[in-house]
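Starting from the known structure of chain A, arrange chains B, C, D, E and F on it as the hints suggest.
Protein chains in written order, with the numbering used here: chain A, 179 to 506; chain B, 179 to 506; chain C, 179 to 506; chain D, 179 to 506; chain E, 179 to 506; chain F, 179 to 506.
Warning: the hint list may mix true and false statements.
All copies of an identical chain are treated as equivalent in the list; a pair is satisfied when it fits inside any one copy or across any two copies.
In silico lysine to aspartate or glutamate, EDC-like type, Cα no more than 20 Å apart, as pairs [what the hints assert, rightly or not]:
#, residue 1, residue 2
1, LYS391, GLU471
2, LYS391, GLU470
3, LYS352, GLU291
4, LYS239, GLU275
5, LYS197, GLU221
6, LYS355, GLU471
7, LYS352, GLU461
8, LYS391, GLU417
9, LYS391, ASP416
10, LYS355, GLU470
11, LYS244, ASP212
Note that these hints are calculated values from the structure, not bench results.
6 protein chains.
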Amino acid sequence: MNFTPVGTSGAHEGYCLIKSAEKKLTAKGVPYLDLVLADNGGEISAKLWDYKESPTNQFKKFDFVKVRGTFVPFNDTMQFRVERIRQVLPEDNAMIEDYVPSACLTGDVMLAEVEKVIASFKDEELKTLVSAVIEEYRERILYWPAAKNLHHAVRSGLLMHTLSILRLAAGVCKIYKFVNYDLLCSGAILHDIAKIEEMDVSSTGIASEYTTKGNLLGHLVMGAIAVDRIGRANGVSDETLTLVEHMLISHHGTPEFGAAKLPMFIEAELLSELDLLDARLYEMHQAVDTVEEGAFTPRQWALENRNLYNHGRAGNGGVELINYNEEE
Amino acid sequence: MNFTPVGTSGAHEGYCLIKSAEKKLTAKGVPYLDLVLADNGGEISAKLWDYKESPTNQFKKFDFVKVRGTFVPFNDTMQFRVERIRQVLPEDNAMIEDYVPSACLTGDVMLAEVEKVIASFKDEELKTLVSAVIEEYRERILYWPAAKNLHHAVRSGLLMHTLSILRLAAGVCKIYKFVNYDLLCSGAILHDIAKIEEMDVSSTGIASEYTTKGNLLGHLVMGAIAVDRIGRANGVSDETLTLVEHMLISHHGTPEFGAAKLPMFIEAELLSELDLLDARLYEMHQAVDTVEEGAFTPRQWALENRNLYNHGRAGNGGVELINYNEEE
Amino acid sequence: MNFTPVGTSGAHEGYCLIKSAEKKLTAKGVPYLDLVLADNGGEISAKLWDYKESPTNQFKKFDFVKVRGTFVPFNDTMQFRVERIRQVLPEDNAMIEDYVPSACLTGDVMLAEVEKVIASFKDEELKTLVSAVIEEYRERILYWPAAKNLHHAVRSGLLMHTLSILRLAAGVCKIYKFVNYDLLCSGAILHDIAKIEEMDVSSTGIASEYTTKGNLLGHLVMGAIAVDRIGRANGVSDETLTLVEHMLISHHGTPEFGAAKLPMFIEAELLSELDLLDARLYEMHQAVDTVEEGAFTPRQWALENRNLYNHGRAGNGGVELINYNEEE
Amino acid sequence: MNFTPVGTSGAHEGYCLIKSAEKKLTAKGVPYLDLVLADNGGEISAKLWDYKESPTNQFKKFDFVKVRGTFVPFNDTMQFRVERIRQVLPEDNAMIEDYVPSACLTGDVMLAEVEKVIASFKDEELKTLVSAVIEEYRERILYWPAAKNLHHAVRSGLLMHTLSILRLAAGVCKIYKFVNYDLLCSGAILHDIAKIEEMDVSSTGIASEYTTKGNLLGHLVMGAIAVDRIGRANGVSDETLTLVEHMLISHHGTPEFGAAKLPMFIEAELLSELDLLDARLYEMHQAVDTVEEGAFTPRQWALENRNLYNHGRAGNGGVELINYNEEE
Amino acid sequence: MNFTPVGTSGAHEGYCLIKSAEKKLTAKGVPYLDLVLADNGGEISAKLWDYKESPTNQFKKFDFVKVRGTFVPFNDTMQFRVERIRQVLPEDNAMIEDYVPSACLTGDVMLAEVEKVIASFKDEELKTLVSAVIEEYRERILYWPAAKNLHHAVRSGLLMHTLSILRLAAGVCKIYKFVNYDLLCSGAILHDIAKIEEMDVSSTGIASEYTTKGNLLGHLVMGAIAVDRIGRANGVSDETLTLVEHMLISHHGTPEFGAAKLPMFIEAELLSELDLLDARLYEMHQAVDTVEEGAFTPRQWALENRNLYNHGRAGNGGVELINYNEEE
Amino acid sequence: MNFTPVGTSGAHEGYCLIKSAEKKLTAKGVPYLDLVLADNGGEISAKLWDYKESPTNQFKKFDFVKVRGTFVPFNDTMQFRVERIRQVLPEDNAMIEDYVPSACLTGDVMLAEVEKVIASFKDEELKTLVSAVIEEYRERILYWPAAKNLHHAVRSGLLMHTLSILRLAAGVCKIYKFVNYDLLCSGAILHDIAKIEEMDVSSTGIASEYTTKGNLLGHLVMGAIAVDRIGRANGVSDETLTLVEHMLISHHGTPEFGAAKLPMFIEAELLSELDLLDARLYEMHQAVDTVEEGAFTPRQWALENRNLYNHGRAGNGGVELINYNEEE
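Isolated chain A, as found in the complex (with noise of 0.2 Å):
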């Protein structure tokens, strides 16, 4: 754990996450807090003595917090007796993204480029309707990451991915003339809105569960109710929004992977074949970079059973998933 000594007891201090919380009962039946903590730095199993429960002083799984006390042994391994623990304030300044596995870019910076995307739209009822959909999630949409365990996994994830289709997509489009722009755009943006109501994640940006509407109804169907919705209210065609809700219920291409339609225009067929080859890169690249060049991977459960293959050599050797920096 990357926490600093403070004083000369020996005490240590530092930021950390939550990732499990459960309160017990010492044999003498005095609560307490069993917790495990993580950073950067690796993980911990801490306890917090003497808990008394109350609405200012609750603790979950995921939550960011500041934590003090002092490390102590116990048979093999220490352990860390904490002595003071809060949820981690603004003031603080205390960046969640050097805590939990993030997107290379920040949801601000990303956002913002989402947004000049709309802005340059020429179709006006396209710019109202993804506009005010972006409004209605716009803090969640920050942080939220685009799956539980499978590709962009990661906080800010979610606007990770829908940059990665929105940059493909523009290349395409300066390539086939005949594709519009808008509406492909329109489609990468909105496509996995609903994933907002799919998952619970913490605001550290980490998924835990699907809630049942998730599981019920499903993205895609949740995102086509949603912009139907909210097109409705901001008066949008109702042309315009049935092509964008078929772009959302048939992205994932084919019925055994959950689409309700087959895509039936160029731009449908489009957003999902981008959004499979982005997520397909983020697996492989991942799974590729766990082993040694010249290795092949266990075999991949997500990616029909394929053992990839490392051949050593990658464009370059960066550490970072997608590395935007030289594209500023």
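Just chains B, C, D, E and F now, kept in the frame of chain A:
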């Protein structure tokens, strides 16, 4: 044709359906209408010479009209030379059911039975929701068919199909006490409601085409969107809406048949099974009815290419698809 | 264990099921029986020391026995030291249904209802055939389960499953008058009859293994062979046998589930759909019952890997799988 | 037509097959027979004027007849005016094999080889069983085809197919010593025996239709039922019957091709592979034979839509499907 | 036909494509050529009477010829009576692209762009390999189509398809820095190269048939064999050859589309996705272009039987498949 | 272990296989080798203390070595303390076949039979081609296994599998005279030849891993590439190479098993069927051999999850997989 003679000039008149209507020009450039007319007695090619088009003088496929004219021989067959033609009026007291393939009960009778079921609901939210949706589509539901070509593709076929499922549901709930009757019946009544916006249907109750929206979204998703909109407007809770919307988007059972989700609770599963059962029985009965006792039908494309066997031991020899009469 | 104290020596006695029985030797080479006993109160490890094996002194898995003995502490738990043990006798008046998972009606009651249905047949050939088959299997059908692990894997589960289908069939035939009730019910009563030779089942009604014949032929084909043999012996016509045998070999609906033919007439199709419906409802209800209201079950292997949702709105809160009582 | 002139009146006579026969009326209402006749020299339309129907004067499709008559020009082609026609009699010494597509050995020769194999069995039960089944079907097996349209759809094709598998089996058993020769050959001889009740075949050995029983049960299950019946009547043990019946119901290899079970022991697997091998070779050889050296056939529906290549390097250029001669 | 009048005799001349050519005999036994000629103005039936065949006087399907002759009425249409006909010569300066469906850039322009990409490679082995392969096929690659009937089945369609993928690849590599640009582009340039030996193509750039080798091996495996041969001859390392050969044999993505292996590293996956994307866009654009705004296409066999929608909102209304011009 | 005592000091020596070898350090930091040794008598944990690594003193998995040392008790078992260890030398005359699972004939004997077949070819091109390929791989083919885990995963298993197919082919060609024996046998001999470059195999004939090239290209395509290279170098015609290469790339029968093309001529089809037949028989025999008579095996993953039945009626009770002996 069941036309009746009028006067002594050889003229005949009667009610019939327009099966096709095309405006053409004679060799001399004079416009005329080239028609095919049909009633229970057969169909005939007809001409309306010197056709003067006007807003009140429009005729198209599936219009229900009253005609007067004369039978004239043409090549080897007879043609009908139209002298007068107009839309059927309410005061004519002509029953459209007598001229197009129709369900064996009238729309009014069937809708009354459906509404009796709704009135019996103990769950007030479901009663509110289902009533409001029916209210919105009341006029069209009375005569809407359930399909273009497949099961229940007859006038009022949608209500006929709905009612069969409701009756099956009542039987099932008596056997399995853990099934929620109100929820199952809500799903049954609403599951195909969006077929009313998925297909273009003339007032005679015959479907001509799928709408653009129907093609791009499908009645499963369109139904969920409608339920969401109407439910919110009537203050129905999110929990209840989610359950009903899930039943709608999952009622085709498997993704390959268009379900966006597999049924995930008992009433959703039951709805999809009863829907299939009623559709299959309708189609099998129709197919078997076309061949003689002891013979097999040709391969049935919509029934996994089966050849069906007419064993000649049907429950009774009645002509009707479903004999409701004894139920009364 | 629901054993009752006998005398003042601390001895207890009661009825129970043997869940496992193994003959072992003590360190000194003395034979003893190592048992696990179970009743509705739980299960317990038990020892019968100084076991003298003899033809009348054999005990094996799933035997229903009466025991007397003493509870003795062993490590952290209690063991039962068996002093006397014997098979339950008729004069004990102990109901096996109280000791193993059982259908909610007794075999006798259910078989009587089935036979009432047979007696109502108008088709004399079918009445003869079905009666003769039931006669041949009468003794075992009373307690046979419907499966080893899946739906209706309980004592008398085979009759319970059969009866549910018969009741569904009655409802269906009221709605669709063209269905041949006698034929459908004959299929329903005979469809799983060969499960009696497909599985080894102890007299307690619990299946232990598939038989060699069951593995190599399966109950669909075995059923057809049995119907053919019994039908010929009773002078049933070839035409009738062919129809019934077809229903048996097609009742799993599709080849991937073992059907040798797709159902090719209406009653065969109905049988396969009602069979599936009853099996699915049983399994879904069981799965949903194991999780809390508002929660999802783990993936259900036998139900296309679905996570099922307990919406907490079941028809009633009863524990029984099927509440037959109110039917009486 | 290979008819020979008789006398000097221009009359011709010969043996031929009736390919179609229909009773019609002339414009004047006089009955006549409208026929199509065929022999190895081609086929011709023929008329029998003034046809007086009587029990001994019936002619139908696939009858083998002797005709006398005259060739008369009609429009652009020749017709045959029938003067005399009767069924071929044994004393005619006309060989039906010369008039219909036939296996390259006669039924008698092939059945003798099959019976030599049976006689060689060391397993007495199998010898009894297989002999008894052959006995029951002896008359028809001599000329029965193996299919309506596919492999070995020729006179005596069933024996030809059976014999090829027996010869393959002999080779296989020399290589793999652990294979039970008697069991494998029993399966080979009986596997398609129920085709004799699955198809209607005229005495010429050409199949016209599937029987109702054939459609509803199929030759796999029908074969198992017949083996069970005949085996029980001859005291064959249940164990042996189970093995043979399993081979019959599994010999199509996979459920999608109608197998009720996957082959579960080595001889069953071998039977299904050798059956497939012989059928495929027959069909591929026939298809390839219809195109020139260096050319590809059209897509073969029954061979996974393959275009097959005629590489022009066949073992020899013989016309026969299988050159048995050198085997003698 | 865009033929131009010559002289005053009514004669016309022009360049055109032979769509079919057959040598026939007149009723008097005089040989003549029965032709169908085509240019951008349409097509016409033509006769060359008194045809004297000689080695320098051969004409066949897809030849590009200059003709002179006269239009003569025949039944209801016009025929062309050929007086002179010869192959087009370079000095004619007739551009074949004006007479057959062609890519929107010439082969020369496109090949130059491809070679610029090769020249930019940093990996010397790949530069050597790809250059050597292109060198071997240089002449034919200029005009080769990419298919017989499907995507890019136009003159120079192979280069057009290759170039689109290269342009997409450049965009993708800017976004995902870990992709090896040289490897991806090598795969893109070589992936369909063996189509040059898979199909017979006339010098006009229209494919007529698959070659025997093409049918038996396919362009995936043939490409790998060619790369291996040329690579070894140029000293390319086994490691590099293996990577490129893998990309070739896996570029159809899944076995059912002919891939011998699933793509196992990132560039191989990308190649297969970009290949599919370009092919799909081409086919969808072509299909949608044939129907009116607001209409759906018939089912597209090569696109999973989808009906595609023309939403009338294409990026621009241009006729060209891909508007390269603005790219220059 | 079948070690033999040497001298009177209790020392033993013998030949054995190294099943695993790891260099470790004692608590005091002294290097030692931790080994597992195996021969037909079993396997034992062994230690070589004070291990001084040197180029001539390297030991790894699957090495065939001679050891001397002492058995020492360790906990409940015996360990072997190695005193001397070295690779087996030719002059030792130790037969590796006695120490690893091996084919029942030696590589030399089997290769001689294969070469007799080649020598019998009438087609000179095929004789040249097949001889040249065998020549290139002669050394390794003698001991190569046919797989890592599946069928014929034994020393010299590749030749054993090849030889079985050749023997089957001889039988088949006697029955079907139109089959080209030379072509079929060429395919049989070469079909798996590239397994020699697909797997890493120690000189003992046990496969450890797939090579990178093997993973990325597979033995089907690698075989075609090798045949192309060697054939061209030996002047074999393109036509002949195409036929042989097609047989190699299609021999897995269907795409899902890695075939790049479906078999398109008779010998290609036969090769794929005989290949499957031999592989299946090997695997089924092995599986069935592990269970008692009358029992079923566990589900066999590589055989469509079947439970196989040991009917206890095998041709003979021999242990060998294939009893070649009687063939001699």
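Worksheet item: Which hints, by number, does the structure contradict?
Response: none
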